[in-house]
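K.L.:
With the hints as constraints, model all of the structure from the sequences given.
Here the protein sequences line up with chains Z and E, keeping their order. Positions 1 to 329 (the numbering used here) are the ones given, in order, by the first sequence. Positions 1001 to 1359 (the numbering used here) are the ones given, in order, by the second sequence.
Honestly, the hints are just simulated from the structure, not real lab data. Warning: the hint list may mix true and false statements.
Between beta-carbon pairs, the in silico distance windows are [claimed, not checked]:
1. Z/Tyr315 x E/Pro1134: 48 to 54 Å
2. E/Gly1068 x Z/Tyr315: 28 to 34 Å
3. Z/Thr34 x E/Ile1302: 38 to 44 Å
We put the CB at the ideal spot given by N, CA and C, even for glycine.
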Amino acid sequence: MQKRLKVGILTGALMGFVGLLIFSGSVTGAAKQTLTSVYSKAAPTGLDDPAWGKIKALEVPFDGKEIFAGKKAAVMTKAVHTDDEIYFWFNWKDATLSVTKEAWKFDGQAWSRMKGDEDRISLLFEINRINNYATKGCAVVCHVPAGAPNAKEGKFGTATDAEKGDLWHWKAARSDPAGYADDGYLAKISDTKGGRKGDAGKGGDKQNITEDKTKPKYMLAPGKKLGKNNILLAADAVEISDYSVFKAGDVVTFRMPVAAEGSFGDIKAVSRYADGAWTVILSRKLNTGNDDDVAFDPRKKYNFTMALFDDSKDYDSYDSEALNLEFKK
Amino acid sequence: MSEAEAHTTDQRPAAAAARACGAQLLQMQVPADAICWHRFFGALQLALIGLLFLTGVLMALAYTPVPGTAYDSVDYFQFSLPFGDVVRGVHHYAWNLLLMVMGLHLLRALIVGAYKSPRQPVWISGVLFLLVMPLFIITGDLLPWDQKGYWSTQVRFSIIASIPVAGDFLVQLFRGGPLTGIVALTRLYVLHILLLPCVLVLLIGLHLYFLGTRGLSEPLTAGAAPRPKVPFLPTIVNRWLAVFIVSAVGLGLVAWQWPAALGDPADPTDSAFIPRPEWWVLFLNQLVAIFKGPFMVIGSAIIPGGLVFLLGALPYLDRSPERHPSKRMGVMVATAVVLAALTALSVIGYVEHFVRPEH
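P.N.:
Next up, the structure:
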């Protein structure tokens, strides 16, 4: 009986120890949304991979600002990582597919640029810690009011050289048709220049405009097909030699996506617009080895924020609060 | 002494003292009943303190006590240096376990009446640990400069400030100014890695010295026959080494599997962050919550201070020679009531802060 009692006491004490130890390992404090990346041996094969259906989405609320002030939005968010890659899945309601981005339109007599921008989603991670970014979010990297001399290159930037962010920017018209999201970074802002920079390499878009700025310079090359959402890719364009081939109502892309190379093209993108909603998957190597990218270590937690642009310019966006990204083994 | 002996025997006083000490250790005998499961907590405490010292020294090698940079240095240590996560995890889990083991060690001594004459100094030096360990935690929590540590420290400072007369002075002493910044971090760092370890070593030395001079308490079932003895070296030392190795490996595995958390960097402007109390301080937090405003001092100082005082004075309050719990019902009932109250307050605190948090 005494032996049983001893074993009972020891077992109880051991269980108590283990319970309290595990409890002690949790960070306690105010609530902050956490996106948990689920480990998968195999990479998701695309938008319709059944693996996405098994993961519970995190509904991230967004608050509108500038022209969207007072409005709300929400993005359903999921993440999966393999041994060397991470995949983000986003789904948000958007009543209109916006990929115009000031495309050229021919009225039978002259060319003019259409009104309309594009839909976008962007993410900002920390490469090196940005002071108070974990709590204040992108407000701490938004320094310059619109119209300031350095606002031309974007109003974003960090306060010191030691702080650096990794900017992922998916653009429905300018990057998605080429199959990637722009990979940039955020460095110190100066009095004359914004802190937003493109990663090393090639990418972005090429303006399709003649030197006199009156009409498009390029058209689809013979034998080539237009890209997703009828966007003309720079790689498939040929200089227009005969403008008489165009008829009234013809539309030609103004900002032609350029195939990304190097660190600029680290982030692969696939997307679909259907039933009044965008579904976008962004994927990247956990660690690209590039100085201008955040290196994801599955043991760590990361702070990030997101912004949505609904057919709008940089200032007119829906912004999320700061979120945590953590990895589940 | 021959010339040959002079060559082989060092005559310097320090060497002679070391030889004498070594010889004494070799000759030292301790009661064989020292090796039993319910006396294991003392050895485990010593092993955990050893682990805390070792891991603390390793972490200090990479630590920078500057707000902001402190967080980066801890982050670098944990995620960029080999086994950094294990070392920090062992440090984190070791002090949590130490608190539990210390409580059990004290409870065992209380139940078996180990505080009774002639062992009062052993007991009092043990109770003094209770005053020192929270200081380690108060000073250590701020060091990673994360949200939890920063705001927990703020809460603790406000509780300390409620202590009559000395409260504000103590906070000023810790913080060195109106805000918790670089001066506070430096002061707490120096306290944590230098002054408090010195006090702890002194207390351990005193505790062991009194243990050696006043002796281990006899088993409750001991008869009149003399107690069998075992040599301190190697029997006890080997057992302690085994406890140390098992603790190190065990906590290393726990730390490897469940790394110690590192929250968001501290943001002193983010007053929306409300730290939730840790398990060992849940009862104290509830006490402070019960006694609000001008009565806060009752929960923050009078009740906890009174309990520690009663604990320290126990050998002089319970002077009867009886040690068996069944013959000390008054002490046992009082202990059970206090334990039940602390447990109930902790459970209420857990429910309030973790099951139904308002924030």
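K.L.:
Has the hinted range 38 to 44 Å been met by the Cβ atoms of Z/Thr34 and E/Ile1302?
P.N.:
Holds: the Cβ-Cβ distance is about 40 Å, inside 38 to 44 Å.
K.L.:
Just tell me: holds or violated, for the beta carbon distance of E/Gly1068 and Z/Tyr315 against 28 to 34 Å?
P.N.:
holds (30 Å)
K.L.:
When you take the CB atoms of Z/Tyr315 and E/Pro1134, is the distance between them in 48 to 54 Å?
P.N.:
holds (51 Å)
Every hint, counting from the list given before, is met by this structure.
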